[in-house]
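Peer 1: Residue numbers (my numbering), protein chains in the order written: chain A, 1 to 264; chain X, 1001 to 1387; chain G, 2001 to 2309.
FYI, nobody ran anything at the bench for these hints, they're computed from the structure.
For each residue, glycine too, the CB sits at the ideal point set by N, CA and C.
Honestly, I wouldn't trust all of these hints.
Claimed, not checked - So the derived label-pair ranges between C-beta atoms look like this:
1. T105(A) with D1174(X): 43 to 51 Å
2. L14(A) with L2149(G): 29 to 37 Å
3. P1099(X) with E2080(G): 37 to 45 Å
4. F180(A) with V2275(G): 33 to 41 Å
5. L181(A) with V2150(G): 23 to 31 Å
What the hints assert, rightly or not - Covered by chain A, according to a simulated footprint, are these stretches of chain X (three or more residues, beta-carbon under 8 Å):
6. 1076-1085
7. 1105-1116
What the hints assert, rightly or not - Looking from chain G toward chain A, a few residues come up when the C-beta cut is under 8 Å (computed):
8. Y2030
9. I2037
10. A2045
11. Y2082
12. T2131
13. A2247
14. L2288
15. V2296
Here are the chains, one letter per residue:
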Amino acid sequence: MSALRRLRRNFVVLAGLGTLAYLVLPNVIVTVFSFNKPNGRFNYEWQRFSTDAWTDPCGVADLCGSLSLSLRIAVWATIGATVLGTMIAFALARYRFRARSAVSTLIFLPMAMPEVVMAASLATLFLNMGISFGFWTILIAHVMFCLSFVVTAVKARVMSMDPRLEQAAQDLYATPLQTFLRVTLPIAAPGIAAGALLSFALSFDDFIITNFNAGSTVTFPMFVWGAAQRGTPVQINVIGTAMFAIAVLCVLVGQLVGRRKRRS
Amino acid sequence: MTATAPAVGTSGTDVRLSGISKRYGAFTAVHPLDLAIPGGSFFALLGASGCGKTTTLRMIAGLEAPSTGSIELGGQDVTALPPHKRPVNTVFQSYALFPHLDIYENVAFGLRRRGIKSVKKQVEEMLDLVQLGDFARRKPHQLSGGQQQRVALARALINHPQVLLLDEPLGALDLKLRRQMQLELKRIQTEVGITFVHVTHDQEEAMTMADTVAVMNGGRVEQLGAPADLYETPRTTFVANFLGTSNLITADVLGTSGDDILLRASDTKLTLPATRCTTDARAGGKLLVGIRPEKITLTHADDAGTIPDGRNRIAGRIADSSFIGVSTQYVVDSAVSAGLSVYEQNIERDSRLVPGAEVVLHWNPGHSFGLDAAQSLEAGTDAGEGT
Amino acid sequence: MTTSTAPAPETPATPPAVARAARRRRRVPYWLLLPGILWLLVFFAAPLVYQASTSVQTGSLEEGFKVTWHFATYADALSEYYPQFLRSVAYAATATVLCLVLGYPLAYLIAFKAGRWRNLLMILVIAPFFTSFLIRTLAWKTILSDNGLVVSTLNSLHVLDVTGALGVTEGHRVLATPLAVVCGLTYNFLPFMILPLYTSLERIDPRLHEAAGDLYARPVTTFRKVTFPLSMPGVVAGTLLTFIPAAGDYINAELLGSTDQKMIGNVIQSQFLRVLDYPTAAALSFILMAAILAMVTVYIRKSGTEDLV
Chain A
1 MSALRRLRRN FVVLAGLGTL AYLVLPNVIV TVFSFNKPNG RFNYEWQRFS
51 TDAWTDPCGV ADLCGSLSLS LRIAVWATIG ATVLGTMIAF ALARYRFRAR
101 SAVSTLIFLP MAMPEVVMAA SLATLFLNMG ISFGFWTILI AHVMFCLSFV
151 VTAVKARVMS MDPRLEQAAQ DLYATPLQTF LRVTLPIAAP GIAAGALLSF
201 ALSFDDFIIT NFNAGSTVTF PMFVWGAAQR GTPVQINVIG TAMFAIAVLC
251 VLVGQLVGRR KRRS
Chain X
1001 MTATAPAVGT SGTDVRLSGI SKRYGAFTAV HPLDLAIPGG SFFALLGASG
1051 CGKTTTLRMI AGLEAPSTGS IELGGQDVTA LPPHKRPVNT VFQSYALFPH
1101 LDIYENVAFG LRRRGIKSVK KQVEEMLDLV QLGDFARRKP HQLSGGQQQR
1151 VALARALINH PQVLLLDEPL GALDLKLRRQ MQLELKRIQT EVGITFVHVT
1201 HDQEEAMTMA DTVAVMNGGR VEQLGAPADL YETPRTTFVA NFLGTSNLIT
1251 ADVLGTSGDD ILLRASDTKL TLPATRCTTD ARAGGKLLVG IRPEKITLTH
1301 ADDAGTIPDG RNRIAGRIAD SSFIGVSTQY VVDSAVSAGL SVYEQNIERD
1351 SRLVPGAEVV LHWNPGHSFG LDAAQSLEAG TDAGEGT
Chain G
2001 MTTSTAPAPE TPATPPAVAR AARRRRRVPY WLLLPGILWL LVFFAAPLVY
2051 QASTSVQTGS LEEGFKVTWH FATYADALSE YYPQFLRSVA YAATATVLCL
2101 VLGYPLAYLI AFKAGRWRNL LMILVIAPFF TSFLIRTLAW KTILSDNGLV
2151 VSTLNSLHVL DVTGALGVTE GHRVLATPLA VVCGLTYNFL PFMILPLYTS
2201 LERIDPRLHE AAGDLYARPV TTFRKVTFPL SMPGVVAGTL LTFIPAAGDY
2251 INAELLGSTD QKMIGNVIQS QFLRVLDYPT AAALSFILMA AILAMVTVYI
2301 RKSGTEDLV
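Using the sequences and the accompanying hints, generate a full structural model.
Peer 2: What follows is the structure in structure tokens.
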């Protein structure tokens, strides 16, 4: 009876941790299987422990090439989407202008549209224009779908910012440019950083839109997709594990730095 | 940038507003307004929210462009100058301290923007002046409200502005701290001699600090003058009600006798010195007679004979009384007017003065004031509570 | 009324410099908007128009396509691929409900009960994002493999007999069944449910729980009458962020399902990239877009949170 009651009282905790396990389990599998030595071409069943893949992560043809291509695209897409998106966010948060609701709708629609629809229609445009698929078409597509997310993140931050701060700067002899650089930008920075980070993650990980607009160019997700058909090298798991580790490390370091800053 | 730097040590620059107004579409926030603020004075713009006082202040700061009119500072037309080129500084409502900069950098902000390289000495002196020397490297959110308020003041004053603008600077503080800061602000103003323009909705704050108060209502200045003049001789019912409390009695003008106006309200005869009436008093017309609650003496009806001659008197019955400490506040109903309020000092309390008691209210006619009867009796009554 | 407020009949007009600055300021937002909006118009809006025209074209790859207002493509596409459409909606709806049921306790846990563990739990929710989701989806092939722990446990508990009878699994396996695809969809979009839920739950003042308890509400009643209604914006945002991408997804069906689990995304992808039948692909995407926009509009109206946009 008391065990049952304890179960009921801690229901939320147990259910929540169960969901967390569901979320994290695949990452555990990816990590574990990065030390596997599969018998065939597919890395789905555990055979025996090996560090071969870790000592030779680029040992598979095209894998590291696709990885560096994905990184390059993600960096440029992040820069493009962050600059354009931040400008739009400032216009929406700070100014009154005509066609405001039309602009808001145009920003919202890409987020409410299944990726496959955007992917197919953009590819149709490129086909009709006779533009050959490759690096540039991928980059154009990525900037397009990251843009809305940057606008949303930055706009929220700028909206919550007290407009009196900018007025105070002007009152204290800052020119409009100085006001922007010394006050507006530093305060909006967390929102811009969040938008940029999201863009990077979305672009780096995108498959569907890239699938339609890449032609024969192979990004990292496309490499994994192809591998799922032809045979999955263990190196994929190595890259996946390393990415996970780097991300967690970055977050932890960021938190430590933040905490030390707060303490001093 | 040199042109924008205000001359250090300049004090007492006068501010002249000529016909400035502000319209937002069909809404007029400030009606064309002429205002001359003498140099070195502590000037308060007093009014309820939405009366146009903050808009007026922001137009002086350059944060709002006037729809019409011009603004002069010390004889120089600054209407077209952007805020960063005006020799004025503002203490903002809720301070607007830069959250990403520490206290030191907040205070140094204005100096740095004007290209001054060595700010250390000035900033430290200024922080000492506001007693925040130990907090230089804290971030604004780590300070209390009162400390933030002083940072905002230091950040503005370090620039030696010709005019300091204060937008509800004490609004976010609790009552005790507010009282303390009122005196502090007044002291600093006397010390530096800079013209202060202070916006507030708190009539007590305005009267405590300012040399001159402009009471604003609906985008217009209702009355302008020294606090005591405004209080003793309000010219409109709005001012009478907004500054403190007034009993307003509608009365018929019977005629004049010497320097006095003779009036009748219900069956009661009242007199009012003609000099204390700001409107035409024609026999057969109507007039509002105002009297502050603390000027009225309350005497029990049994002792009515002891009241000296020459005083205005009204008979009534106590409807309610509440003990405040320094005084007791009574609400008295009479045939003349219901709900007259009377404040009696708690010196010698008459134990017969309880609800239901028949009393006579009496006061020196020289303490009453006469107003145009064509105004709302209620104007300004609850506006004082507004934020 | 008083000497200080003169109506001033000949008030000086606004100085030209002020007017010029105001005009310049009015133009600023348009310059800020221009590049980004142009980008979206050219690479998002214009393609949709192009696609609309493609969907009513006929022709072949060799001879080229021409607009012939051939609306029959829509009818043909619908009659041929309606099972995939229905399946997409069913899978996406199931995954969305599962995401809500699984995600809510975790979001609640992080928002109200995690204390000093809050940051760690948040990191664990977000961190999987940083491993390519294709790799993580492939991991499910291992987890659900026929000889794996999960399947053998389910088998020994005879769960798969039950699910088999319900038609969500087949034989004694999970892979290549609807269960596997829905499981993958749920997994992939779970963070998109948890984050908005957490955001709206975190805003709720914990004192409201105490107030409800003080007013004689049992914990379950408190949840039903106070917490859940206040988290509605998060629920609506989360379900939209889950349902929309899930309905158009083809990765889970491709990697975890068989030909019997193909969703509409798979059809569009193969029509476009393999069969090269652009009109059919365009018509199918248009139907999918219209269906989703219609459903989303109705849903937002019904749930009464139109301020999401």
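Peer 1: Of the hints stated earlier, which fail here?
Peer 2: The structure breaks hints 2, 3, 4, 5, 11; every other hint is satisfied.
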